[in-house]
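K.L.:
Protein chains in written order, with the working numbering: chain A, 1 to 325; chain B, 1 to 316; chain C, 1 to 292.
Treat the hints as calculated values from the structure; they're not laboratory data. Just so you know, even glycine gets a beta-carbon here, dropped at the ideal spot from N, CA and C. One or more of the hints may lead you astray.
Stated by the list, open to error - Here are the in silico distance ranges between beta carbons for each label pair: (1) Met59/C - Gly173/B: 50 to 56 Å; (2) Arg130/B - Leu281/A: 31 to 37 Å; (3) Ile107/B - Pro104/A: 24 to 30 Å; (4) Ala192/C - Ser257/A: 56 to 62 Å.
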Amino acid sequence: MSLLDVQNLSVTLHTPHGDLPAVADVSLSVGAEETLGIVGESGSGKTMLARSIMGLLPRARASASGSVKLKGVEMVGARASDLRRLWATEVAMIFQDPMTALNPVMRVGRQIDETLRVRLGLSRSAARARAIELLEMVGIPSPEKRYAAYPGQLSGGMRQRVVIAMALAASPSLILADEPTTGLDVTIQAQILNLLDELQARLHTSMILITHDLGVVATRTSHLAVMYAGRIVETGTTRDVFARHRMPYTRALLESSPRVSNPAHTRLTAIPGRPPNLLRLGEGCAFAPRCGFASERCHRERPELSVPDESSHAFACFNPLEVGR
Amino acid sequence: MLRYVRRRLAMLLGIVFVISVGSFYLIHLLPGDPAAVILGTGDTPANRALLYRQLGLNRPLVDQYFIWLGHILHGNFGISFISQTSVWSTIRAALPIDLELIVLSQILAFAIAIPLAMRSARKPDGILDRILGAGSFTLLSIPPFIVIVLLVLIVSIKLGVSNTGPSSYVSLGSDWVVNLESLSLPALTLAIGSFVIYYRVLRSDLIATLQEEFITVARSKGLTRRRIMWIHAFRPSSVALLGTAGVNIGGLLASGFVVEYLLAIPGLGYTLIAAINNSDYLLVQGIVLVVSVGVVVINFLFDFVVNLVDPRISRE
Amino acid sequence: MSEMTRPATETETTEFTTPPSRSLGWLFWVCVGWLGLNVLGAIFASVLPLPDPLYQNYMAINASPSLHHLLGTDDLGRDIFSRIVFGSRVSIAVGVGSMIIGFGIGAPLGMLAAYRRGRLDAILTTAMYVFLAFPAIVAVIAVLSFWTPRALAKIILVIGLASVPLVYRVIRTATMAVATKDYVVAAKVQGATDRRILVRELLPNIAPVGISFLLVGIATVVTLEGALAFLGLSVNPPTPSWGNMINESRTVMSQNPWLVLFPSLAMCLFLLCLNFIGDRLRSHFDVTEVKL
């Protein structure tokens, strides 16, 4: 049994302009100590998917169907108090933007040891000691001093380390890392990602790593899911998806991000057009309007995610690319 | 932080200086002979001679200011030529009543505004929020002098509740129960005016705060809603509330004047109006000076508290 | 999922969640109509078929509302309805007059300071903030108490001057928000004159803030004048004003509550309409809340 098992998860957001299918029919699973990468352009529903898996979307504005099972416990439709018991201790989230994810008027140490005291029932001094330990673990120099700092006194990279420490505080089995390096400088991005790698190996947790950057997931994940317009359009082992991608969108993504394996001065191609407005999705494949391989059928009918052979490599395309291109 | 406080303190001194010049100069802005205005009905040759000696009225204006300031700094506000009593002792007798009134009303206002704003912000545009929104908006448009008149009309005249009508004030020292009874309607009037403002300010800030990412982060830690509201949302939302409260105290004094006047409560407001009607210039000047400086100092203190609440401010 | 309701902060969906533009609503126009009626009544009070507000009819003292006296009479037999209509003149004159002074001085200074910045801005802003810290209400009372005899023009002048720093602050803040926008910078780069930028680019953009603040400002001044009248510091009786009507009636409150209720109601409705229109305009133009 996998640690996390998502079956046919769909989430509809209720907006003033109408209902919006933010996540549509997503199934995925993450095993123990595994890392799953989820990639897609901004607007493809990655963040929505992460929040749906957590169950963080406000009930009045979003309705979910399908199933999310964490260690066999159903999370879709669970009571708020039951979800609270899972959060932090079983599943935790590392948020995108370290500038907004920390409470500006609360000392960072308190924001970390809050989880320990409220959820794990540690005493004040034990929580403090553990929080300082966590700060040290995420590579913050002089953690005793930083413990009493306000977020405004720390740099962006430092703050993201605090956000990571917060997520790790109650040793969750699964971490959802939602674009954990988006707001940071390139040099710091690599540091943070390596830190995540290292911590994951040390703490034996599973992780879902969400990013728009294929370069980030290439070496860090075992499996990969490519998202477009709220759906998974291609998924398989990371090696398969990189080497034998079948979906034109995946290729477009690959061609739009720089890769070390490419010869120098390889031209990067931007994907033409914009991600679709989810309020006005047509009948056919959501990528068809931007796809160079689209046939008439693609505009009429939506391809289902399917596995054509014995492997676990699935894709949703009527006109798949030849393998090895 | 220290630098911030020092800068604010310098500004405070500047403002107090301007207030003192303003209070002193007030008399010379007005048409007519200052001595005649100050002496009012006590304009006898003997008094006039005394006044000229006291204030140095035949010296240049700048000298007069410093003579006057010297007296004030020694706590000598002069002796009223109308009532023949020391201005400072009159003020000192009246001041505690205003302070009591303000403290009572603010406790009441915060005690109502904070829980209601919390409830409203949890479901913006919900039924409770809409009712409170419309209600607070209506109350906002009812001036305090109408509120107090209506309260007196209903509570003390129609319902006949004792010790709430005009002239029922008893000092705190002699009978604290009657004292509270007699101050209940005034305190309620001031509280209503403050509540409306505090509720609206806190509600809109809370709604904005609850949309912040760090609230979602707090939820993802599995904290209870109560803890999120009180520990994570309340403090960052209370900055504007405190700032508003500080400024509001100034307005509160004016409302206080009105309620004291109507119910004959011998606070500063009542004393001030009586002094104006008696043309007791020195007393008016003293009250204006004390009240203005008091308001500025209260503002300063609130500024300081805001800083303790939100560390972002002093860093800017 | 949690039962907490809050708008999503999801960046990816913000383009879908902008609220649809709101119409002003029928209540807005009811308020406009009521204010219009008040203003017309104040202007044409002397040509309307109203009884003399000062005429004391000893045959009808403390009369209840009737066809003859729409809202009854006071303890001196004066017609309450007529006194309310004539009394609105004082409130409206003080409200509008002092705001004309306040905006006339405060608004150009605020715009200029925000546009030019530099030394001019620093000096003006410091001075205005010092005055802002001064409790204006106390200052107004202090001046009016000894500047006798009290007259409408003096009251308007004193309140108007006292409102200058507030107007300055609001207009300066609003202008600062606009002055850094691309189209203003573009106009500057293209060599438009300062006067042209101030009048053609900045003024139209700060007008919504200005107008809604103007309405709230008038409401505040009307309240202040009412309080002064209530304390006996506004126009001298027997000239009717809403504030001194309420003041005079408090001694006979138990015998004739109408005397308190009618002018109070007139004043509250007037203020409510002003505040409502100001508030609606502000949310209509989607400008941030300016606190008085």
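K.L.:
Against this structure, judge whether each hint is valid.
P.N.:
A quick look at each hint next to the structure:
1. At about 52 Å, the CB distance of Met59/C to Gly173/B agrees with the hint of 50 to 56 Å.
2. A hinted range of 31 to 37 Å for the beta carbons of Arg130/B and Leu281/A is consistent with their spacing of about 35 Å.
3. Range check, Ile107/B to Pro104/A: about 29 Å between beta-carbon atoms, so the 24 to 30 Å window is met.
4. At roughly 45 Å, the beta carbons of Ala192/C and Ser257/A sit outside the given window of 56 to 62 Å.
Checked against the numbered hints given earlier, the structure breaks only hint 4 and satisfies all the rest.
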